[in-house]
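Student: Line by line, the protein sequences are chains A and B. Residues 228 to 424 (this note's numbering) make up the first sequence, in order. Residues 228 to 424 (this note's numbering) make up the second sequence, in order.
Check each hint, because a few of them may be wrong.
The list makes no distinction among identical chains, and a pair is therefore deemed to hold if it is satisfied within one copy or across any two copies.
[Said to hold, decoys possible] Below 30 Å or equal to it, Euclidean Cα-Cα: the simulated DSS-like pairs (lysine-lysine) are:
#1 Lys419 - Lys392
#2 Lys352 - Lys392
#3 Lys260 - Lys352
#4 Lys260 - Lys419
Please keep in mind that the hints were generated in silico from the structure rather than gathered at the bench. Since the structure is predicted, the reported quantities are computational estimates derived from the model, not experimental observations.
Protein chains: 2
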Amino acid sequence: MSAPEIDRLIELLAKLPGLGPRSARRVALHLIKRPAQLMTPLADAMASAARAISTCRICGNVDTSDPCRICTHPERDVSLICVVEDVADLWAIERTGVFRGRYHVLGGTLSALDGVNPEDLNIGKLVARAGETEVQEVILATNATVAGQTTAHYIMERLASSGVKVSRLAHGVPVGGELDYLDDGTLTAAMKSRRTL
Amino acid sequence: MSAPEIDRLIELLAKLPGLGPRSARRVALHLIKRPAQLMTPLADAMASAARAISTCRICGNVDTSDPCRICTHPERDVSLICVVEDVADLWAIERTGVFRGRYHVLGGTLSALDGVNPEDLNIGKLVARAGETEVQEVILATNATVAGQTTAHYIMERLASSGVKVSRLAHGVPVGGELDYLDDGTLTAAMKSRRTL
Numbered sequence: 228m229s230a231p232e233i234d235r236l237i238e239l240l241a242k243l244p245g246l247g248p249r250s251a252r253r254v255a256l257h258l259i260k261r262p263a264q265l266m267t268p269l270a271d272a273m274a275s276a277a278r279a280i281s282t283c284r285i286c287g288n289v290d291t292s293d294p295c296r297i298c299t300h301p302e303r304d305v306s307l308i309c310v311v312e313d314v315a316d317l318w319a320i321e322r323t324g325v326f327r328g329r330y331h332v333l334g335g336t337l338s339a340l341d342g343v344n345p346e347d348l349n350i351g352k353l354v355a356r357a358g359e360t361e362v363q364e365v366i367l368a369t370n371a372t373v374a375g376q377t378t379a380h381y382i383m384e385r386l387a388s389s390g391v392k393v394s395r396l397a398h399g400v401p402v403g404g405e406l407d408y409l410d411d412g413t414l415t416a417a418m419k420s421r422r423t424l
Numbered sequence: 228m229s230a231p232e233i234d235r236l237i238e239l240l241a242k243l244p245g246l247g248p249r250s251a252r253r254v255a256l257h258l259i260k261r262p263a264q265l266m267t268p269l270a271d272a273m274a275s276a277a278r279a280i281s282t283c284r285i286c287g288n289v290d291t292s293d294p295c296r297i298c299t300h301p302e303r304d305v306s307l308i309c310v311v312e313d314v315a316d317l318w319a320i321e322r323t324g325v326f327r328g329r330y331h332v333l334g335g336t337l338s339a340l341d342g343v344n345p346e347d348l349n350i351g352k353l354v355a356r357a358g359e360t361e362v363q364e365v366i367l368a369t370n371a372t373v374a375g376q377t378t379a380h381y382i383m384e385r386l387a388s389s390g391v392k393v394s395r396l397a398h399g400v401p402v403g404g405e406l407d408y409l410d411d412g413t414l415t416a417a418m419k420s421r422r423t424l
């Protein structure tokens, strides 16, 4: 009995991550009640993002320019490449402001189960970049999951012949974390990497 | 460092119910990775919904026609009006297919705390509709919350002089519900309204 425009909207919203049929209906209704304040601006924002955004040919980041503004930024350190699984991880590191080098976005992790092989990831370009004379260190910032660590290990082997320095993020107790709730692996790593004060 | 189009998209997505900053970023990235398959269709769906949808002058439903298609449907029973708080509740009842009358959407509940008075809700029109000769029964289907029940009680008093029959949804054990997990109020109501088999 509801309008086809509403059904179509709900159907598309339900495809977004974290939204099921029920929350898609709730979001649709929220939008419908605020056509001028929210629905039209959001439609415009999506349309303009869809037009403007492309993938950086160098690092795989998404931006309105290609190469992206991180790759072309004159003050970013060209000697450091931070390898991340996904653009979301790049954003997370950028939010900390701690890293002033460049990135390389893999686009996922190796997975025999899901049939993701090295050639499905953005690894070839990384090996080529690591071979450039100005690059001195590749920081592997894949997730600390089995898939992320497997992928990091594979990349490390691929880069071994290039002579570039390869590092990875430190394991340890999260800031604000309680030891009692921490898994054994993290605690073991934190103990082994303990620092003298 | 990310594009203003992306920031704008995330900012608007974070205003949707159930989405915080983190999930808004996740949704934005999901959309950015699928511009042609998802982001552009969703933008179009929102724009066309924003253009097409209006609020029914009779019942307060949202639809592409005003009056809405439920109010103008020749086979819907004009003698029954089901009063709901919100369009989402109307959709929920429509999904069951059990009700073939018409609706009246209040647009909320009375709330002294939030300063919602009877004149802020769609109650005046309901009283006028209930006075029409063809209307025989008003079913109060507000939520079984304190606010919903207060609102139902207020409407019942407002309709007392009109001579129309007023009913409300039954309380009881939800289908599939376990007694052990049920609150005392529901269990008491279910016991009092027990039916002879």
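Student: It remains to establish, for every hint, whether it holds in the given structure.
Tutor: Hints versus structure:
no., hint, verdict
1, Lys419 - Lys392, "within (22 Å within a copy, 76 Å between copies)"
2, Lys352 - Lys392, "within (17 Å within a copy, 75 Å between copies)"
3, Lys260 - Lys352, "between (47 Å within a copy, 19 Å between copies)"
4, Lys260 - Lys419, "neither (56 Å within a copy, 39 Å between copies)"
Checked against the numbered hints above, the structure violates only hint 4.
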